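Chemist: Work out the full structure: start from the sequences and follow the hints.
In terms of the numbering used here, the sequence shown is residues 1 to 169.
Simulated from the structure, these hints should not be mistaken for laboratory data. Since this is a predicted model, take the numbers as computed values, not measurements. Among the clues, some could well be false.
Quick list of in silico lysine-lysine cross-link-like pairs, DSSO-like style, CA-CA up to 30 Å [said to hold, decoys possible]:
id	residue 1	residue 2
1	Lys-37	Lys-117
2	Lys-154	Lys-20
3	Lys-119	Lys-29
4	Lys-20	Lys-117
5	Lys-37	Lys-119
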Amino acid sequence: MRLTEFFLNELEREVDRSRKALEEVPDGKYDWRPHEKSMQFGYLADMVARMPTWLSMQIRQDELDVAPADGSRMRQHQEETRGELLQALEESAAAARAAIENTSDSHLMTPWRLLAKGKVVAEAPRHLMLQDTMNHWAHHRGQMTVYLRLMGEKVPALYGPSADDNRFQ
1 MRLTEFFLNE LEREVDRSRK ALEEVPDGKY DWRPHEKSMQ FGYLADMVAR MPTWLSMQIR
61 QDELDVAPAD GSRMRQHQEE TRGELLQALE ESAAAARAAI ENTSDSHLMT PWRLLAKGKV
121 VAEAPRHLML QDTMNHWAHH RGQMTVYLRL MGEKVPALYG PSADDNRFQ
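Modeler: Here is the structure:
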């Protein structure tokens, strides 16, 4: 199997899981957080919706500086409704799908770098960075399901059954 085929299949599976999680997001809870050191629920949900854009960026760009020396930052989105989050997921997934479909396995072997203030904090072949992004996406989706539980919302079955969804049994 080609790497591009693998990542397209993985993308579709993770988009489906993210959609199931985002479908449980309650409106009006953007600012909720379980602890003062925790990120806001809406910010976390937005990351889950937009994580596929990192896949397209890692394919189309050679590097990203997440904390540029000039103090500028990546734009933070603030979708506040379930519908807006689901739309953001579909748009980011479409961008990732197009990037994967239009790249080659040889390109996925080339290096990609993550920087902070101009200093390299991670560098690896793109295919490894894409897999790290997929793992990072699953991590944030897992955090989001904990937030859902703490807010009294349903937790969907994603990789196995949940207390609210036992479709795997």
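Chemist: Would you mind marking each hint as holding or not holding in the structure?
Modeler: Verification of the supplied hints:
no., hint, verdict
1, Lys-37 to Lys-117, "holds (24 Å)"
2, Lys-154 to Lys-20, "holds (11 Å)"
3, Lys-119 to Lys-29, "violated (36 Å)"
4, Lys-20 to Lys-117, "violated (36 Å)"
5, Lys-37 to Lys-119, "holds (26 Å)"
When held up to the earlier numbered hints, the structure conflicts with 3 and 4 and fits the remainder.
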